[in-house]
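Here the protein sequences come in this chain order: F and W.
Per UniProt numbering, the very first residue in the first sequence carries number 1; after that it's consecutive.
Per UniProt numbering, the very first residue in the second sequence carries number 1; after that it's consecutive.
Just so you know, the hints here were simulated from the structure itself, not pulled from any lab data.
Misleading hints may appear alongside valid ones.
Claimed, not checked - Listed below are the simulated DSSO-like cross-link pairs for lysine-lysine, each with C-alpha atoms no more than 27 Å apart in a straight line:
hint : chain 1 : residue 1 : chain 2 : residue 2
1    : F       : 41        : W       : 354
2    : F       : 406       : W       : 182
3    : W       : 357       : W       : 144
4    : W       : 354       : F       : 269
5    : W       : 183       : F       : 406
6    : W       : 353       : F       : 301
7    : F       : 301       : W       : 144
To be verified - Pair by pair, the computed Cβ-Cβ distance ranges are:
hint : chain 1 : residue 1 : chain 2 : residue 2 : range
8    : W       : 179       : F       : 126       : 52 to 62 Å
9    : F       : 230       : W       : 170       : 55 to 65 Å
10   : W       : 102       : F       : 278       : 19 to 29 Å
11   : F       : 362       : W       : 354       : 42 to 52 Å
12   : F       : 381       : W       : 108       : 52 to 62 Å
13   : W       : 176       : F       : 316       : 24 to 34 Å
14   : F       : 316       : W       : 182       : 27 to 37 Å
15   : W       : 286       : F       : 271       : 50 to 60 Å
16   : F       : 278       : W       : 179       : 17 to 27 Å
17   : F       : 271       : W       : 170       : 38 to 48 Å
Stated by the list, open to error - Pulled a few chain W residues facing chain F out of the computed Cβ check, cut under 10 Å:
hint : residue
18   : 124
19   : 127
20   : 286
21   : 344
22   : 349
23   : 361
24   : 364
Quantities reported herein were computed from a predicted structural model and do not represent experimental measurements.
Using N, Cα and C, we set each Cβ at its ideal position, and we do this for glycine too.
Each chain, letter by letter, is given below.
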Amino acid sequence: MGEGGKRKAQQEEAPAPPSHRILTSDELGLLKVTEVPAGSKWEETAAKQRWGQPDKQQGVTRLQVHCPDWDQDRILIAAGRAGGRVTLHCPASAPADGSVSGLGSRDLGSFRAAPPATTSGRSDTSSHELRGLRFAPGGEGSQRLRLVTATAGGHVAVHEWEAQEGADQQQQQQGGDNEDEDGGGGDGGVVRTWQQQQHWREVVRLQTVGDLQGMDVSSSGRYVAVGGEGHQLRVWDLTAAAAAAAGGTGSSSASGPAPEPLFAGKAGKPSRSGLQDLAHVTAVSYVPGRDDQLVLVGTAKHKLWLYDMRAGRKPQSEVVWSDGRITALLPQADGSLVWVGNGRGQVEALDLRQAPGRVTMGHALKGSAGSIRSLSLHPSQPLIASVSLDRHLRVHSTTSRQLLTKVYLKQALTGVAWLPAPTKGPGPVRGGAGDDEGEVDGEEDGDDDDEDEADEEEGRGGRAARGREQPSGGGKAPRRRDMARQQGSGGKDHAKGKDKGSRDKGAKEKRGKDKSQKRARRDGGDDA
Amino acid sequence: MVKAQKNPKRHKSKDDDASKPSSSKGDGERSGDDAAAAAKGAAGGGTIGQQTSGIRNKQKRSELYHKLKHQKEKSKAKERRKRQKEVARAEELGLEPPPKPVQHTLENTREADDTMVDPNDEEVMADENDDEFAAHFSNARPPKVLITTSYKPSKIMYTFLSEMLELLPCAEYYKRNGFPLKKIVKFAANRDYTDLMVFNEDRKQINGLLLVHLPDGPTAHFRLSNLKLGRDIKGHGRATHHKPELILNHFDTRLGHRMGRMLASLFPQDPQFRGRRVVTFHNQRDFIFVRHHRYIFEEKETRDPAAKDPAKKKKKAVAARLQELGPRFTLKLLSLQKGTFDSRNGEFEWLPKKENKTSRRRFFL
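My request is simple: use the sequences and hints to build the entire structure.
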C-alpha cells in the first residue's frame with residue numbers, strides 16, 4: 001500500500017531527500033508526485049503529493065515536463081486538459097532559509113490551445129481535447145521556450161513563452177504581485193525560475209488532419225509530425241507556416257489556405273492476404289539524432305513503421321508486433337532504442353541501431369495489466385517509468401528489465417514524467433499530514449488570487465493552518481498534532497518529532513515531502 | 001528446526017538400505033525420535049506431505065506419513081477437548097468464554113491487494129461520479145439491454161435466452177443474422193440501448209458472455225460455466241414481472257468495483273420489493289456466481305426443550321426461505337476493455353497476466 005509509512009511519526013531535523021521523484025497525471029486532472037525514499041528504497045515508493053481537485057472535465061490528457069539542466073528549481077510542468085486548455089505548474093520550491101515553504105504546486109497560469117470558437121453559444125468541445133503536447137526550443141535562434149500543442153480536431157498551435165523586460169529578482173522571490181503580471185525572469189539566457197505567472201502567446205497556428213491521435217515535434221523545433229484516425233503520417237514545417245501566416249493578410253490566421261504538408265507518408269505493405277489496413281496512426285515519434293529525418297509511427301493495427309523522409313514516402317521498415325494498438329513511443333536520447341507500449345500492457349524496445357535493414361523488438365518489461373498510456377525515461381539513470389490504465393505506476397530498470405516498483409495511484413493514469421529529486425532536504429517543518437485520500441481542499445480554491453502575495457510563505461502557512469482545521473475524512477491523530485505544530489511555530493525549526501514514530505526508512509523523508517504543503521497547493525487548471 | 005528434522009529421516013533411510021529389515025519395534029523407536037522432531041518440524045516444515053516427501057522408499061514414507069498424521073489428529077483432538085472444557089467451565093462460572101481461535105478462511109488468507117476500495121475514498125467517489133455508469137446510478141439513463149448470440153445458435157441457446165429475458169427486466173432479443181459485432185455495437189448505440197450482451201456458444205455449450213456498455217463504455221468478456229437452466233432445477237419457480245432487487249457481494253478491489261457497477265447497470269434502479277425477487281452476483285475467488293431467487297420472510301416458532309426458563313421454551317424467529325427461479329451460472333472475467341468491442345486492437349483496462357498471478361491466494365476482483 002502506498003501511503004502507509006507517511007502517517008507514522010513525525011519529522012526529524014533534516015529528513016533525507018528522496019532519491020527519485022515521479023510526476024503522474026490522471027483522468028481526473030490530478031497531478032501526483034510519487035517519491036522513492038533516499039537510498040533508492042524502491043519497496044517504499046509512495047505517492048506523496050497530490051495537486052489539483054478531482055474533476056473529470058479537467059482530466060489531463062498529455063503531460064510534459066521541461067527541466068533544463070535537470071535543475072530542481074527550474075521545473076516547468078505543462079498539462080494538457082480535456083477541455084482544450086493547457087495548464088502550467090511548477091513545484092513550489094523550498095526557500096533557501098529552510099523555513100516553511102509550500103511544497104505543493106504553483107499554478108502558473110494556463111492558456112487555450114483550441115482554435116477560437118467560430119460559433120457563438122455552446123459547441124461541441126470534444127474536438128478540443130489535447131492530443132499532443134511538446135516542449136520545443138524557440139524558433140530562429142531565440143532563447144524562448146515554445147510549447148507545441150495539438151488538439152483532437154487537428155489544430156496545431158505553437159505557443160511561446162513571453163518574456164518581459166524589467167522583471168526584478170525581488171519579484172521572482174515573491175512571486176509577483178498579481179496574476180496579470182507577465183512573468184519575465186531575467187531574459188537573455190540567465191537563470192530563469194518559473195515562479196511567476198506566465199504569459200504564453202500563440203505564435204503559429206495551423207490546421208492539420210482531423211481526429212488527430214499522435215503528434216511529435218522534431219528536436220530542432222522546426223517540424224511537426226502528426227497522424228490520426230484515417231490519416232497517415234504528415235509532417236509540416238512550422239517556420240514555413242509562420243512565414244505564410246505573417247506574410248499573409250496579417251489578420252486572423254484562419255484566413256488563407258491551409259499550408260501543405262511537407263511530407264505525407266504512405267502505408268506500409270499490405271498483409272499476406274492482400275488486405276491493406278485502414279489508416280489509423282496512434283503514435284508518432286521523431287527518432288533523435290538523425291537530423292529530424294527519421295520518424296517512427298505506431299498504428300492501431302499493432303504495426304510500427306519507420307519513415308525516412310529523405311528516402312521515400314513508404315516506410316523503410318515495418319515491424320508487426322503482437323496484438324494491440326501502439327499507444328506510447330519513447331525514444332532514448334541517443335536514438336538507438338525506442339520504447340514502445342501497446343494497448344495490451346506490453347512494453348518492448350525497438351532496436352534501431354541497424355535500421356532500416358534490421359529492426360528488432362526485445363527487452364520486454366512485464367507486469368502491466370492495462371494499456372500503457374505513457375512512458376518516461378530517466379535522463380541519466382537506466383530507469384523507465386510507465387503508467388497504465390490499470391491505475392498503477394511502474395518503474396523498471398532498462399538494463400535488467402526488472403520491475404523495481406509498482407504504485408497504485410487510484411485513477412486511470414495518463415501521463416508520467418521524472419522530476420529531479422531535491423538535492424538538499426527540505427526544511428525541517430513538514431507537517432506529517434496524512435495521505436491524499438482523506439483530504440478535501442475545498443477551502444483552498446478561492447485562494448488563487450492571493451497566491452502571489454509577498455508573504456506567501458506565511459500566507460501558505462496560514463492557509464494550510466486554516467485548511468487543516470477542518471478535519472478531513474479520516475483525520476489521523478498524528479496529522480492533527482502536526483497541524484498544531486505547524487500553526488504554532490510558523491514553520492521554523494520545529495520538528496521535534498514528538499512521537500518518534502517510525503524512524504524507519506523513508507518515514508522521515510515522507511514527512512519531508514510536505515504533506516502539509518500539499519494542503520497549501522494551488523489548484524491547477526482552475527481558470528477555464 | 002528443519003535441519004534437525006531432516007537428519008533423523010536420512011539416517012533412517014540409509015539404515016534401511018544397509019541393514020537387515022528392521023523390526024517394527026526398531027522402527028517405532030526411531031520414529032519415536034522422528035515424532036518429536038517432526039512435531040517441532042511440522043510448524044516449520046509445512047504440510048505433512050512436504051515433510052515426508054524426501055523419503056524415497058514408499059513403504060517407509062507412508063509409515064511416517066501416517067504416523068505424523070495420527071499425531072496431528074491426536075493433538076488437534078486434544079486441543080479441541082481442552083477448548084470445549086474451557087468453554088463449558090466459563091459458561092458454568094458465568095464468565096466470558098475464551099475467544100475462539102481465528103479460522104483460516106479464503107478471505108483471511110487472501111493476498112493483500114492495494115487496490116481495495118475504501119468506502120470513504122474521496123478520489124474513488126469523484127471518479128465514479130463521472131464514469132460511464134454515473135448516468136445510470138443517478139437515474140438519468142434507464143437500462144435497455146440488447147441480447148444476441150454468436151453465429152448460428154442452437155436450441156439450447158434459445159431456451160437459455162428465454163430464461164435470461166425473464167431474468168433481465170429491460171432486455172430485448174435480436175437475432176444475430178451474421179452481423180459483425182462492431183456493426184451491432186453501432187446499431188445498438190444508435191437505437192439508444194445502454195448495454196449489449198452477446199452469449200457465445202460452442203458445441204452446444206454456452207461458454208461465453210460479452211457485455212458491452214454503450215455508447216462507448218467498457219467491454220467485459222466473461223467465461224460462462226456451470227450453467228443450469230431454471231427448468232432443470234428441482235423445485236424451481238417462474239419469475240414474475242416485478243423489478244428485482246440486486247445483491248452484489250465482495251466486489252472489493254477497484255476492478256471489482258467497476259465490474260459491480262457494470263453488472264448493476266443492467267438492472268433498473270427501483271426494485272419492487274413486493275415482488276420478492278432477487279438477483280445475486282456473488283464474487284468469490286474471481287468467480288461471479290449468478291443466482292436468481294424468490295424469497296419470503298416467515299415467522300417460525302422454535303421450541304427449545306432444554307431451555308431452563310419456561311418462558312423461553314417457544315421462541316419466534318424470522319427466517320427467510322428461498323425458491324430458485326431462472327438460470328444459475330458462473331462468470332469469470334477474462335478481460336476488461338476501455339472502449340467498445342475491439343478485441344485485438346483496443347485499449348484494455350485489465351488483462352490477466354501470468355506475471356501477476358503470484359500465488360494461489362491472489363485475486364483481482
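### Status of the hint placing residue 127/W at chain F (closest C-beta pair under 10 Å)
Status holds, d = 6 Å.
### Message
For residue 354/W and residue 269/F, compute the direct alpha-carbon distance and say whether it is at most 27 Å.
### Response
Roughly 33 Å between the alpha carbons, so the hint for residue 354/W and residue 269/F is violated.
### Query
Taking 19 to 29 Å as the hint, is the beta-carbon distance of residue 102/W and residue 278/F inside that range?
The hint (19 to 29 Å, Cβ to Cβ) is violated, given that residue 102/W and residue 278/F are roughly 59 Å apart.
#### Entry: Outcome for the supplied range 17 to 27 Å, where the beta carbon pair is residue 278/F and residue 179/W
holds, 19 Å
### Message
The hint says 42 to 52 Å between residue 362/F and residue 354/W; measuring C-beta to C-beta, is that right?
### Response
Because 19 Å falls outside the window, the suggested range is violated.
### Message
Using the nearest Cβ pair, does residue 124/W come within less than 10 Å of chain F?
### Response
Holds. Min distance 7 Å.
### Task
Using 10 Å as the Cβ threshold, decide whether residue 349/W counts as touching chain F.
Holds: closest Cβ of chain F sits about 5 Å from residue 349/W, inside 10 Å.
### Query
Can residue 361/W be said to touch chain F, with a Cβ gap under 10 Å?
violated, 17 Å
### Message
Given a hint of 27 to 37 Å, does the C-beta separation of residue 316/F and residue 182/W actually sit inside it?
### Response
holds, 32 Å
### Query
Taking 27 Å as the top limit, are the C-alpha atoms of residue 301/F and residue 144/W close enough?
violated, 32 Å
### Task
Kindly confirm whether 52 to 62 Å is satisfied by the beta carbon distance between residue 381/F and residue 108/W.
For residue 381/F and residue 108/W the Cβ distance comes to about 41 Å; the hint is violated.
### Supplied contact hint for residue 364/W, tested at 10 Å Cβ to chain F
holds, 8 Å
The structure shown violates the earlier hints numbered 2, 3, 4, 5, 7, 8, 9, 10, 11, 12, 13, 15, 20, 23.
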